[in-house]
Structure formats: structure tokens, C-alpha cells
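Chemist: All chains, please: the whole structure from these sequences, using the hints.
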Amino acid sequence: MNSKSIFTGGFLILLGFLFLGKEFGWFNINWHEISRLWPLLLIYLGLVAFIGKSSRSATVITIILLCIAIPIVIVRSCKEKVEHAFNDHDVHIDLNDDDNEDNNNDNEEYHFNGTKQKLVESMSPQVKSATFEFTGGAAEFVINGASNDLVEADADLNFGNISLKKTGDSSNPNIAFALKGKKNHFNLSDDNHNKINLKLNPSVLWDMNFEFGAGKADFDLSEYKVKKLSIKTGVTETDVKLGDKVDNLDVQVESGLTSIEFNIPEAVGCRIDIDGGLNSKDFDGFIQKNGHWETPNFEKASKKININFDGGLQELKVKRY
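So the sequence shown is numbered by the numbering used here: it starts at 1 and just counts up by one.
These aren't lab readings, by the way, just hints derived from the structure by calculation. Check before you lean on any hint, since a few could be wrong.
Restricting the straight-line Cα-Cα distance to at most 16 Å, the calculated cross-link-like pairs of lysine to aspartate or glutamate (EDC-like) are [what the hints assert, rightly or not]:
hint, residue 1, residue 2
1, K180, E211
2, K319, D284
3, K216, E261
4, K232, D284
5, K228, E211
6, K232, E254
7, K303, D244
8, K227, D154
9, K232, D250
10, K165, E140
11, K245, E266
If you anchor each label on the Cβ, the simulated ranges turn out as follows [said to hold, decoys possible]:
hint, residue 1, residue 2, range
12, I64, D244, 25 to 31 Å
13, I64, T115, 43 to 49 Å
14, Q252, N148, 47 to 53 Å
15, D169, Q288, 39 to 45 Å
16, K228, V60, 40 to 46 Å
17, I64, D247, 38 to 44 Å
18, N290, L45, 24 to 30 Å
19, I43, D218, 20 to 26 Å
Quick caveat: nothing in here was measured; it's all calculated off a predicted structure. C-beta atoms are modelled at their ideal positions from N, C-alpha and C, and glycine is treated no differently.
Modeler: Have a look at this one:
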């Protein structure tokens, strides 16, 4: 039996045990906590790439990783059940990594009942270009529409808070947006949800960097002048619409277990490079050429988009509109 068979079998047994436990009420499954273990898959794929799938070492490493992952998943899944059982009897159990002092200081945040926030970074005539640094936790993120300000953010929050800061010089500032909150308070259930809406100024030449873990992202960047775009994700569903406002756009994607779809204009030439394993890919209207995936008009197009995917197991789609 090779390492791939052991890993697949262990993974299926684990999923079956989790769903069985949920059906019988043994524990509550916190999928966000479990999704944070996705880097173990990258470790597994990297080690197997070094030593081969059929070697004895690969089998041993696979068993070790499963012995690490399975107890962690079970403990994480049972944690909420244990906490609720004690809390129902007026005994508070908080299975966190933070010390008691931090928990007392954050007590108000723990009982956060939700709020709305609106933050604005005003526009000035000196701004010609800017960098947008985006850092988010578990939420639904939407970018859509133009703003007369440099950046505006509207948040409907059940936990955490957002921040917006500007640094750098007046003509080329750096705008940092962040969603912050204690990681153990994140719970993406139907009744406990964060939604962030962002708008940017379309007259600015943007360099954009997005980094977020779990959740959903819908970015319509078609009206913005974006020269460089970087996306780093964990376990997400991400839709990105790109435009034709610049001559050359470089896109770098690093991801784990995720579904990503890009929509690009028909008239823009596009080239795709892939570095990493893929579950599935759907490149509508592309042809494979010299190790790349390209639109037929790539060489002659006056405007080009270069997309580089670097990640593990994922679903990638690139469509034209």
C-alpha cells in the first residue's frame, strides 16, 4: 500500500467519523477551525514530491501526519461541545491559547453583539498612485463601485472590527485595510456573519495585495486601474473580475484549498502559468502553447493580463466576457 492510498483512506475515514459524530450529536463541527489545518496538505505534497509516493519513508510520513491531524480535528470539534456543557451550568470553560489576562481584557469583545462601521480615507489631488494592503479574517468581502474618496469601507459585523490606515508620501500612499478580531470568536454560521463592502477611487493607479484566510470574496476590479494584483488565500471561494484600464496587469495567486474564478475582457490578451497541483481547471477560450495557457489574441493584443497560479489543491477558472 502506497502513501497516497493511506492518505486517501485516512482522510475518508476522518470525514466519515466527523459526519457520523455530527448526526449523533457527539460534538459540534467548527469547520473554520478544521479548515485552518489545510497547510498539512501542502506539507504532505511537498514531502511526497521529495521522496516519492511509493517509498517506505513516504508511508511513514503519511501515517505520522494523519496521527497529528486526526486528534487535532477531533479535539477542535469537541471543544465547543465541552464549553457549552459547562457554560450551561454556570461554569465558564474557554479552551483558548490566550492567558487569563488577555481574556479578561477582551471580555467585551467576546460578548460582541454586532455593529456597523464606516471608514473613509479621503482623496487628495496629489495622489496619482497607491498601494492597497488588504488583510482579512473570516468574512464575506465585496469590492464593487467607484468612490470619490481614496477608499471607503462599510462593515456589517457580528464580531471584530475594521481599520483603515494611510502611510507613505502624499503622491503614492500606502492604504492598509484590516479586519481584526479574536480568532476563536469567528463563526461563519447563518446567524453570525461578517460582511465587508469596499469602494476605491478609479482615477488612481493601484498596486493591490490581498491576504485572507477563510470566507468568501467577490472583487469587481473592472473599473479600477490595477497594475499589479497579489492574492493569498486559505480556504475561500473567490471571484475576481478584471478590466482593461491598464496596458499590462500582473496577477499572482497563492492559495490552499480554494475555488478561484477570474473574469477577463474578451479584447485583452491573457497568459496563464501554473506552478503547483490542481484539482480542476477551466480556462475558457484558451490554448496551450509553450508551457503556457494563452488566449488566441495574446501576442497581438495591445493590453495584456499575466496570471500566475501557485498553490496546492484548488479549482481554477478563467473566463472571458
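Chemist: Holds or violated: K232 and E254, Cα atoms, limit 16 Å.
Modeler: The given pair, whose Cα atoms are some 5 Å apart, holds under the 16 Å limit.
Chemist: Assess, step by step, whether the Cα of K228 is no farther than 16 Å from the Cα of E211, and give holds or violated.
Modeler: holds, 14 Å
Chemist: Is K165 close enough to E140, meaning Cα to Cα at most 16 Å?
Modeler: violated, 21 Å
Chemist: With respect to the beta-carbon atoms only, verify the hint that I64 and D244 lie 25 to 31 Å apart.
Modeler: Roughly 50 Å apart at Cβ, these two residues miss the hinted range, so it is violated.
Chemist: Honestly, do D169 and Q288 meet the 39 to 45 Å range at C-beta?
Modeler: holds, 44 Å
Chemist: That 47 to 53 Å hint for Q252 and N148 (C-beta), does it hold up?
Modeler: At 30 Å between Cβs, range violated.
Chemist: Going straight from one Cα to the other, do K232 and D284 come out at no more than 16 Å?
Modeler: Between K232 and D284 the Cα gap is close to 23 Å, so the pair fails against 16 Å, i.e. violated.
Chemist: Between K227 and D154, does the CA-CA distance stay at or below 16 Å?
Modeler: violated, 25 Å
Chemist: Holds or violated: are the alpha carbons of K180 and E211 at most 16 Å from each other?
Modeler: Distance ~13 Å between K180 and E211 Cα, so the pair holds.
Chemist: Would you mind confirming whether the straight-line C-alpha gap from K303 to D244 stays at or under 16 Å?
Modeler: holds, 7 Å
Chemist: Cβ-Cβ distance between I64 and D247: within 38 to 44 Å?
Modeler: For I64 and D247 the Cβ distance comes to about 50 Å; the hint is violated.
Chemist: Verify the proposed pairing of K319 with D284, using a straight-line Cα cut of 16 Å.
Modeler: holds, 5 Å
This entry does not satisfy hints 4, 8, 10, 12, 14, 17, 19, going by the numbered hints stated previously.
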